[in-house]
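*Asks:* Chain by chain, the residues run as shown.
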Amino acid sequence: MLNEIINFLGENIQMIYIIILSVFVGVEVIGKVPAVLHTPLMSGANAIHGVVIVGAIIVMLNTPAENILALALGFVAVVFGTLNVVGGFAVTDRMLEMFKKKK
Amino acid sequence: MEVKYILDIIYLIASVTFVLGLKMLSHPDTARKGNLYAAFGMALAIIGTILLYNHADGYTTREPIKIILILAAIGIGTIAGWLTARRVQMTKMPELVSLFNGMGGACAAIIGLMEYEHNLGKTGALATIIAGLIIGSVSFSGSIIAFLKLNETMKKPIRIPSYNILNTVVMITLILCGIFIVYTQPEHLLLVVLLFVFALIYGVLFVIPIGGADMPVVISLLNSFTGLAAAFGGFLYQNQVMLTGGILVGSAGTILTLAMCKAMNRPLSNVIFGAFGSGAAAGAGAEVNGSIKDISISDTAILMNYAKKVVIVPGYGLAVAQAQHVIHELELLLEERGVEVVYAIHPVAGRMPGHMNVLLAESNVSYDKLIEMEEINPQFATTDVVLVVGANDVVNPAAKTDPSSPIFGMPILDVENAKNIIVNKRSMNAGYAGIDNLLFYQPKTSMLFGDAKGVLSKLVNELKQM
Chain A
1 MLNEIINFLG
11 ENIQMIYIII
21 LSVFVGVEVI
31 GKVPAVLHTP
41 LMSGANAIHG
51 VVIVGAIIVM
61 LNTPAENILA
71 LALGFVAVVF
81 GTLNVVGGFA
91 VTDRMLEMFK
101 KKK
Chain B
1 MEVKYILDII
11 YLIASVTFVL
21 GLKMLSHPDT
31 ARKGNLYAAF
41 GMALAIIGTI
51 LLYNHADGYT
61 TREPIKIILI
71 LAAIGIGTIA
81 GWLTARRVQM
91 TKMPELVSLF
101 NGMGGACAAI
111 IGLMEYEHNL
121 GKTGALATII
131 AGLIIGSVSF
141 SGSIIAFLKL
151 NETMKKPIRI
161 PSYNILNTVV
171 MITLILCGIF
181 IVYTQPEHLL
191 LVVLLFVFAL
201 IYGVLFVIPI
211 GGADMPVVIS
221 LLNSFTGLAA
231 AFGGFLYQNQ
241 VMLTGGILVG
251 SAGTILTLAM
261 CKAMNRPLSN
271 VIFGAFGSGA
281 AAGAGAEVNG
291 SIKDISISDT
301 AILMNYAKKV
311 VIVPGYGLAV
321 AQAQHVIHEL
331 ELLLEERGVE
341 VVYAIHPVAG
351 RMPGHMNVLL
361 AESNVSYDKL
371 IEMEEINPQF
381 ATTDVVLVVG
391 ANDVVNPAAK
401 TDPSSPIFGM
411 PILDVENAKN
421 IIVNKRSMNA
431 GYAGIDNLLF
441 YQPKTSMLFG
451 DAKGVLSKLV
461 NELKQM
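From first to last, the protein sequence lines are chains A and B.
Just so we're aligned: the first sequence equals residues 1 to 103 in UniProt numbering.
Just so we're aligned: the second sequence equals residues 1 to 466 in UniProt numbering.
Derived from the structure by calculation, the hints contain no laboratory data.
Take the hints with a grain of salt, since some may be wrong.
[As the list claims (entries may be wrong)] Here are the simulated distance ranges between beta carbons: (1) A:1 - B:67: 21 to 31 Å; (2) B:164 - A:24: 28 to 38 Å; (3) B:89 - A:2: 49 to 59 Å; (4) B:409 - A:6: 38 to 48 Å; (5) A:34 - B:201: 31 to 41 Å.
[Claimed, not checked] Taking lysine to any residue and the SDA-like style, the derived pairs with C-alpha atoms no more than 20 Å apart in a straight line are: (6) B:122 - A:8; (7) A:32 - B:262; (8) B:369 - A:34; (9) B:23 - A:23; (10) B:453 - B:322; (11) B:4 - A:32; (12) B:23 - A:12; (13) B:262 - A:34; (14) B:262 - A:21.
[Claimed, not checked] Under 7 Å between C-beta atoms, here's a sample of chain A residues computed to sit facing chain B: (15) 6; (16) 8; (17) 10; (18) 17; (19) 19; (20) 29; (21) 41; (22) 45; (23) 48; (24) 49; (25) 58; (26) 60; (27) 69.
Every residue, glycine too, gets a C-beta built ideally from N, C-alpha and C.
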């Protein structure tokens with residue numbers, strides 16, 4: 001059991017480095033945001049986790065073309081992922097557009 | 001040169017744009033550019049994956065039918081996402097973010113369902129898949145419930161008897177089932193599908209008893225959940241861009257959630273486990289003394305016309321009544337007559353922190369007229385007239401004086417220090433948190449009843465004639 005965990009960590013050590021450093025980057029980057037920007041920021045972050053769509057595309061690319069059920073599921077996943085990405089960025093942009101200085 | 005390296009470099013660029021984008025999103029001047037940078041990085045990562053991704057063991061094929069399906073799915077998602085985002089009213093923003101968040105969660109959950117069979121025998125990979133599946137599903141169903149609640153399709157918080165116990169039991173069962181599946185690795189997908197359904201149910205249970213006022217915190221929390229689910233996917237595929245993107249959102253989302261809780265002065269556990277304004281708390285408030293005083297529109301106009309300084313306290317009620325534009329007109333009219341007008345923005349005004357700023361910006365209110373709570377509070381003493389429109393809990397003195405009040409301890413706008421307070425409300429109904437407001441009974445306070453848009457338009461007309 002312990003052996004397995006150590007092996008797992010060792011084999012994925014680079015990924016684990018990325019995770020830990022990203023956690024700190026995320027905290028640092030957000031730490032100083034003024035409250036005015038909380039909503040656009042949440043919306044922007046929401047769009048960024050749409051990166052999960054990359055996973056959905058990978059699943060589809062790895063699925064044999066004969067496996068209709070899997071392709072259909074993958075199709076739905078890609079639609080969902082795109083909604084998250086495009087909708088997220090578009091709505092954030094729309095919000096920020098209004099913050100432009102108006103004279 | 002290997003093709004794989006090109007994709008790796010693309011992912012590196014995309015990851016950098018995400019960090020840069022988030023960083024730039026934290027300054028008003030650069031925010032819009034930051035969002036576009038991140039979007040550009042995302043587009044690069046998506047196109048790169050479609051063209052260049054190859055599985056290490058050669059599973060990847062690019063039959064035309066698959067490419068067509070992928071492009072069609074992206075096309076449908078783009079059109080639907082773009083149109084919804086462009087057309088939605090700004091007041092409906094929070095539920096839209098929630099909906100998009102749910103989509104991301106569903107995407108992560110489906111990936112988990114599909115990858116399970118391919119990874120039988122690899123305990124580490126399966127654990128990653130199951131974790132992503134559970135978190136993605138919870139985020140999906142939870143976001144949909146949050147969406148329905150904000151949409152007011154689902155109105156009252158639903159109370160389930162011994163809810164906390166039930167919820168904890170479901171959560172523990174969910175985790176145990178996950179561990180069981182990872183250990184026994186059943187070849188048949190049935191158990192995994194059951195786990196998926198169970199996780200969906202947990203997501204519903206998780207959000208359903210939480211009141212509408214706390215929904216932003218929940219959405220922010222679910223936002224970081226989806227980030228985590230995406231990161232699990234990244235771990236599974238050893239895909240750096242999914243990993244950095246997911247973890248960034250996971251950690252940033254958590255910080256944002258805590259910041260929101262801090263603004264409401266309630267620990268996160270309180271939001272999740274302690275339902276708001278339940279029967280006992282509402283009845284326990286201090287006794288109401290004094291009476292309500294009405295004020296007419298013409299008296300309000302006179303009061304404002306001869307004031308030196310007017311502070312407007314906008315709340316969600318203003319946005320619901322679509323009165324942002326009228327209030328801006330009022331502001332300009334008063335400024336013309338030499339009255340100093342600013343807006344006092346409570347951190348949780350609106351439905352999300354910063355939501356009110358977005359709504360007012362929409363009607364061209366200048367950014368530097370929106371004053372945050374810490375800065376405006378000392379100024380109330382020198383303010384002649386405070387106009388509260390559609391806000392309630394954020395100006396309730398019970399937050400400072402009444403330990404039995406459910407909002408006790410929440411920082412509020414000290415409007416009671418001003419010389420005159422005029423409160424526009426539709427009726428005497430309690431605020432979003434369902435508690436009475438002692439401010440309305442103070443001698444300095446006058447009530448201006450009616451729909452915000454109608455009342456403000458009449459006020460503007462009255463002022464024009466003076």
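*Asks:* If a hint holds in the structure, say so; if it does not, say that too.
*Replies:* So, going through the hints one by one against the coordinates:
The hinted range of 21 to 31 Å is not satisfied by residue 1 (chain A) and residue 67 (chain B), whose Cβ atoms lie roughly 44 Å apart. At roughly 33 Å, the beta-carbon separation of residue 164 (chain B) and residue 24 (chain A) lies within the given 28 to 38 Å, and the hint holds. Taken as a hint, the range 49 to 59 Å holds for the pair residue 89 (chain B) and residue 2 (chain A), whose Cβ atoms sit roughly 56 Å apart. For the pair residue 409 (chain B) and residue 6 (chain A), the supplied restraint of 38 to 48 Å holds, since their beta-carbon distance comes to about 46 Å.
For the hinted restraint 31 to 41 Å between residue 34 (chain A) and residue 201 (chain B), the CB-CB distance of approximately 39 Å keeps it satisfied. This hinted pair checks out: residue 122 (chain B) and residue 8 (chain A) have alpha carbons roughly 10 Å apart, not beyond 20 Å. For a cut-off of 20 Å, the pair hint linking residue 32 (chain A) to residue 262 (chain B) stands: about 15 Å separates their Cα positions. Between the alpha carbons of residue 369 (chain B) and residue 34 (chain A) the distance comes to roughly 15 Å, so the proposed pair stays at or under 20 Å and holds.
A distance of roughly 14 Å separates the Cα atoms of residue 23 (chain B) and residue 23 (chain A); the hinted pair therefore holds under the 20 Å criterion. Of the pairs offered as hints, the one joining residue 453 (chain B) and residue 322 (chain B) holds, with about 7 Å between alpha carbons and a cut-off of 20 Å not exceeded. Between residue 4 (chain B) and residue 32 (chain A), the direct Cα distance comes to roughly 37 Å. Violation of the 20 Å bound is thereby established for this hinted pair. About 28 Å separates the Cα atoms of residue 23 (chain B) and residue 12 (chain A), which puts this hinted pair outside 20 Å; it is violated.
Taken as a hint, the residue 262 (chain B) and residue 34 (chain A) pair is honoured in the structure, with Cα atoms around 14 Å apart against an allowance of 20 Å. Restraint check for residue 262 (chain B) and residue 21 (chain A): not satisfied, since their Cα atoms lie roughly 25 Å apart, outside the 20 Å limit. Checking residue 6 (chain A) against chain B: minimum C-beta separation of about 11 Å lies over 7 Å; hint violated. The beta carbon of residue 8 (chain A) comes within 4 Å of a beta carbon in chain B, closer than 7 Å, and the hint placing it at the interface holds.
Interface hint at residue 10 (chain A): violated, since its Cβ lies 11 Å from the closest Cβ of chain B, which is beyond the 7 Å cut-off. Contact between residue 17 (chain A) and chain B, as hinted, is not supported at the beta carbon level, the nearest pair being about 10 Å apart and thus beyond 7 Å. Annotation: interface hint on residue 19 (chain A) holds; nearest CB of chain B at approximately 5 Å, less than 7 Å. Given hint, residue 29 (chain A) at the interface with chain B, holds; its Cβ is 5 Å from that chain's nearest Cβ, closer than 7 Å.
For the restraint placing residue 41 (chain A) at the interface with chain B, the shortest Cβ-Cβ distance is roughly 5 Å, inside the 7 Å limit, so the hint holds. Taking 7 Å as the C-beta contact cut-off toward chain B, the hint placing residue 45 (chain A) at the interface holds, the least distance being around 5 Å. A hinted interface residue such as residue 48 (chain A) counts as satisfied when its beta carbon comes closer than 7 Å to some beta carbon of chain B; here the least separation is about 5 Å, so the hint holds. The interface hint given for residue 49 (chain A) holds, since its Cβ lies 4 Å from the closest Cβ of chain B, which is under the 7 Å cut-off.
Using the Cβ-Cβ criterion of 7 Å, the hint placing residue 58 (chain A) at the interface with chain B is satisfied: the shortest such distance is roughly 6 Å. Taken as an interface hint, residue 60 (chain A) checks out: its beta carbon lies about 6 Å from the nearest beta carbon of chain B, inside 7 Å. At a threshold of 7 Å, the smallest CB-CB gap from residue 69 (chain A) to chain B is about 10 Å, leaving the interface hint violated.
The structure shown violates the earlier hints numbered 1, 11, 12, 14, 15, 17, 18 and 27.
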